[in-house]
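Student: If you want the building blocks of each chain, they are given just below.
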Amino acid sequence: MVSDNLKVGVFICKCGGNISDVIDIERVKESIDADVIEEYTNLCSINGRKIIRDKVIGDELDRVVIAACSTQSHLKTFQAYVQPLNPYLMDMANIREQCSWVHSTTDDDFNQKATDKVITLINASIGKVSKSEPVDPIVVQTPNSAAVVGGGISGMSAALSLGKQGIKTYLIEESPSIGGHMAKIGKVFSPVKIAEECGLCLLNPVLNDVVWNENIEVMTNSKVVKANRRAGSFNLLVETKPRYVDSEKCLSCGDCVDVCDKLIPNDWNDGLTNRKAIYKPFAQCYPDSYVIDIDNCDKCGDCKRECKMDAISFRRENEMIPLEVGSVILATGHKLFDPDLRPEYGYSRFKDVITQSELGRILGVNGPTKGKFQCLSNGEVPKNVVMIQCVGSRDDTPNGHKYCSKVCCMVALKNANIIKHKYPDTNIIICYTDIRTPGMFEKYYKHAQASGIRLVRGRPGEVGKKDGHLVVRVEDTVKREFKELDADMVVLSTAIEPSEGTNEIAKIFDVSQSEDNFIKEANPKIKPVTTDIQGAFVAGTAQDPKDITDSILQATASASKVSEIVSNGIEIEPFIADVDYEICDLCGECIEVCKYKSMSIEKDRIFIDPMSCSGCGNCIAKCDKNAISINGNIDEMIFSTIDGILKDKKPGEKRIIAFLDDIGYTAADNIGINRLSYPESIHIIKVISVNRVMPKHIIHALKTGADGIFIGEYPGDLLYDEIEHNMKKIRREIEMNNMNPERLAFSKVYIPYFSGLARKFIEFDSKIDEINDLAK
Amino acid sequence: MDEKFEHGSLDLAHFIMNDIKFAQGENLLKCVQCGMCTSACPGAQHSDYNPRDMIEYILEGDNSIIESEDIWNCFYCYTCHSICPVGNSPCQANQVLKQIAIDEGIADEHLRPFLGFGDSFLNHGMGGIPQNFFKEMREDIGEDWWEFKNHLDDVRTQLGLGPVYPDDDSIEEISTILVKCGFKDRVEKIREIKDYEK
Amino acid sequence: MKQIPDKNILLFKSCLVSIEYPGVESSTTFVFDKIGVDYFVSREQTCCTGLGHYSDVFDQFTTTVNGARHFALSHKLNRPNFAMMCATCYAINKRVANLLNENDELRDSVNDVFDDCGFEWMKYEKDDITSRENIFHVIDIFYSKRKEIAENIKYDFSDFKIATHHGCHYCKAHYHDTIEGVRNPHIIDDVVNACGVETVGWYDFKRATCGNGFSQRFVHKDLSMDATNDKFKSLKDKNTEILIHLCPNCHIQFDRYQPYMEKHYGEKLDIINLNIAQFLAIAMGADPYNVVGIQTHTVPVEPLFDRLKLLSDEDKKMIIENVSRKVDLDNSADFNMEADTIKVDFKKGAK
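Residue numbers (my numbering), protein chains in the order written: chain A, 542 to 1317; chain B, 544 to 741; chain C, -11 to 339.
These aren't lab readings, by the way, just hints derived from the structure by calculation. There may be inaccurate statements among the hints.
Pairs of lysine-lysine residues, derived as DSS-like cross-links and limited to a Cα-Cα distance of at most 27 Å, are as follows [what the hints assert, rightly or not]:
1. A/Lys1269 - A/Lys1308
2. B/Lys678 - C/Lys209
3. C/Lys256 - A/Lys1007
4. A/Lys1007 - A/Lys924
Negatives, chain C to chain B, calculated, CB over 12 Å [what the hints assert, rightly or not]:
5. Asn66
6. Glu139
7. Ser212
8. Asp301
9. Lys304
Cβ coordinates follow ideal geometry from the N, Cα and C atoms, glycine included.
When you get a sec, could you build the whole thing from the sequences and use the hints?
Tutor: This is the structure:
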């Protein structure tokens, strides 16, 4: 089996009796064919290392098999012990977790069946190493730089963290100033202090730190228009619109504003006031200078003539700036649900139906009313305020969002509290379905109730007008009573939804979006800031609705993910796809089929990003020209491992091969660790992805004596659906080869569900018995 | 009450979900009692009917809702259906509840005034306002209407329209079909009890 | 936006149109002829069962069998596209189509009935008719022909206060298929706009029921009239002179019962009622008695004609231009129909 010129050494570990109490080591040694065969009580010990190294060097071994425990416990150890041999020329036969620990009960001195299995497993490993090639792990070093897209509180927090860690950071903001929603939010709630604090006062120090940090370059009026990923770095194209006002020269005197006669609804006040075509977004904005809204400017030139500093010039054009960065943080934020999509609430019909965001502006001292709380229709302080929750949230009807926007309960309570403290005579009713104030926020909720804010449990049907004032029609569900609540002001708590920028950036970077169009994290439980694109992370409301605190948490978490990559680079298993450019005709089928989005065409060649390629082999199957291979000769290794398992199979003996991926292999180890058992006929082969087990392997195994093939796959794997689908095809192929397709089993595997896996092994084993009986 | 639905279970809810009059499936079970249906319901604004409450009875497995008089105040306007945040339809659930009541024979008096719709369909292949309402309508609407009704054919001719009713073959066809569907029996069953009570 | 057909249409007769407001049918065919719609009316058609169905006399199975017969008829006539004059016909038939396509067991039972009766030709096969592609209300067709409507108008209604009422079973029962708003229905407003007329738009209780409530009008008359009164009060607040709707059941409620309402609630209403087809027919110059059938109305329509003016060529040209622009705007991809109707000033520059 082993090529004549390869010297193979087999080292068997007794594991202090864990193995040798069950396995007849002497018989094993007699039965295998290798140049060197050694045994030791504890191979993983320093003495074990000496034994292995002496033999590797002294006998000039080309390949090594360690028959011991699971790769999970000591792979790295033995990869080091075989040095100077290349670590990928060593294989471990798992004769503890997947043999002695699962087949221990026997009346004889040794378990003979388990001993047979050890011989088989060692032969399998010998087969595997005979085809293995020396490969080196790939370390990808990424540039010490990052781009943060979006200059709101999340983007600023992320940029600041990166900057402080010494990473060159570009903070790219589409609007003329950084600051985002938080700048205009007015007061923010503090659950611990049970008080409201000035949002801008909290934001300003962050903003200043960002501006003064020498590692951060703030790019306003700028957006990413193109992004390409290449081996650990991103090539970005940033389009910067001119401000038409030179920030260096502008003194912010405001003379230009006085002479401009264009009036445009002011975004920063939610359109409640107007601004000029030349304007400053808000007092504390950065850059602290004026800007011209060119789309609304008629270029009369009055401002230019008025400017003493000669800071204004209309002869500016959009600039395209290329950037190369190591990582990207997407913090493109949210927008608010359009209240006109719930026309029954009368947002466009009644001046005094407003959103919580507009109420925030009205209550803000820097807002349209200078902080005076008043109705927009008549300037009077409202006597009765009704707030309507869940406008566009928790709503399955067209244009609605099924999710809860998470912050609206707190926002409503906050604004209600602010009103109640300043205007105790104003009655406030919040119409709600559920009040959601988890954790410490519950205390703030109680505080609001203690201030005299009333709650009506019911979701209003509509807002109408009766005898000159607004009425909110709602069922008080607690009292089972239909009511028309009088109101001078109605405030709608509109849903948080992904901003247009979030939708655009997802497409530019090709990151997946959730069904609600937020940027999707790789795993919502354990990878909450990682996207499905290597090196791209997400923070803030671009990912889902969240408050300021959570946004900052996620922003700093994503910054630390970037830092991980920058500090250590990324070490990658070398078994990734490789393209033969002579054969490849750039048909692009492989790009389509790659679930890990690691393939692209660059400079007329297929480029495979080593950071994201998993070595799954999907592209190989798709490539008609056979232009793709996977490094490490994996195809051949699987064949030779199968041959090793089936070597010397005696008549009447039953051998089943179980192909398991990393998760399945760990689950199988757990069966041993928990001392459950399954039949000795089960022989496990670990593969990078079960996708690498091709129909040809399965047919070969069945033809050369395997009684059954068991394939286990973790359902969370990106390829799961495809593999499950492929099974049908393979079964048909087995049938065409005149074999029983039931000899192939496919099963879901989960790490904690090891007892289930053991049971499935047992069931499959007896099923194979039935098939064998039938075949006789 | 009906033993088909175990009290306190989801039997009644499951029956409604599976009825062909109900098209919203398991959304029935997703009701969070937000009351938006009632907030926009004309029946709730002008009577004791409460669609939210009705759904709660169904989900609690309280079969007494089948006998409730209030459910007969639904307008079938589908407002609740069109705005329900979880995609439930109190309006359709209401219709199924009534069919249960009819099948149990406790709703005949609600139906009897409208049997004319069935008769008209069986005899003329078309619905039409039952004659038993004509007297009151004539009082409410006025003599001009009555006059027009008596000269309908003339007006139709003036407008260039053909006869009101389908052709005889089609009436025959639909009549045969309705008998086969068991519709005629359904109508007769409700009417019989009326005659018996007389 | 759904594709709205203008050919191979079976104009589906409505029992209440036939018996109460036959002018709606003659107006519809009048307008269809003007704007180029290919339709047919069949005497083999019965009716949808709607009135009986929503009085709970008809069970869903019987209604479904009856509907399946009509679907077979439409194929026999090679007119698979239904246009309904009544909101209830629309909702009932959509529901029947969905049931027949989605519920295999029910479809088999329906076909068994046809087998038993020896009516082989009526048997239904899955997707013979689909709710979204084959079943429409006449208003949908008018809506898709707004440019043609604009080209055919002769009279100017812009001096009237016009409000609209959208039948519940048109806009709410199958809300995924409704065009131009469910929560703020305004498809009639849009069609009226195509005649160069601004409506009052939203009014309180605009999307609420007319109040007929099927059985409610007959057995709970007070309840029914209270709901109608909500609407009338609100319409009166807007000084409505003409109320336009798309369903004969609403028509009865607002027109036949208006004198009763006036007596009962003590307020003079004087609101003229027109079906959208009647409104368009009048605007296109149809004869009030021989086509529109105003002699069947309870609230006299005649006063309207005293104030109706001929449209000047100049105004008409302007209307055609503006309607054409608005139709293109509505057809643009990012247009959201739930939001308020886009305001187009129809007379801008014309006067």
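Student: Now look at each hint and say whether the structure bears it out.
Tutor: Here is how each hint holds up against the structure:
{"no.": "1", "hint": "A/Lys1269 - A/Lys1308", "in the structure": "19 Å, holds"}
{"no.": "2", "hint": "B/Lys678 - C/Lys209", "in the structure": "14 Å, holds"}
{"no.": "3", "hint": "C/Lys256 - A/Lys1007", "in the structure": "20 Å, holds"}
{"no.": "4", "hint": "A/Lys1007 - A/Lys924", "in the structure": "16 Å, holds"}
{"no.": "5", "hint": "Asn66", "in the structure": "18 Å, holds"}
{"no.": "6", "hint": "Glu139", "in the structure": "24 Å, holds"}
{"no.": "7", "hint": "Ser212", "in the structure": "8 Å, violated"}
{"no.": "8", "hint": "Asp301", "in the structure": "30 Å, holds"}
{"no.": "9", "hint": "Lys304", "in the structure": "28 Å, holds"}
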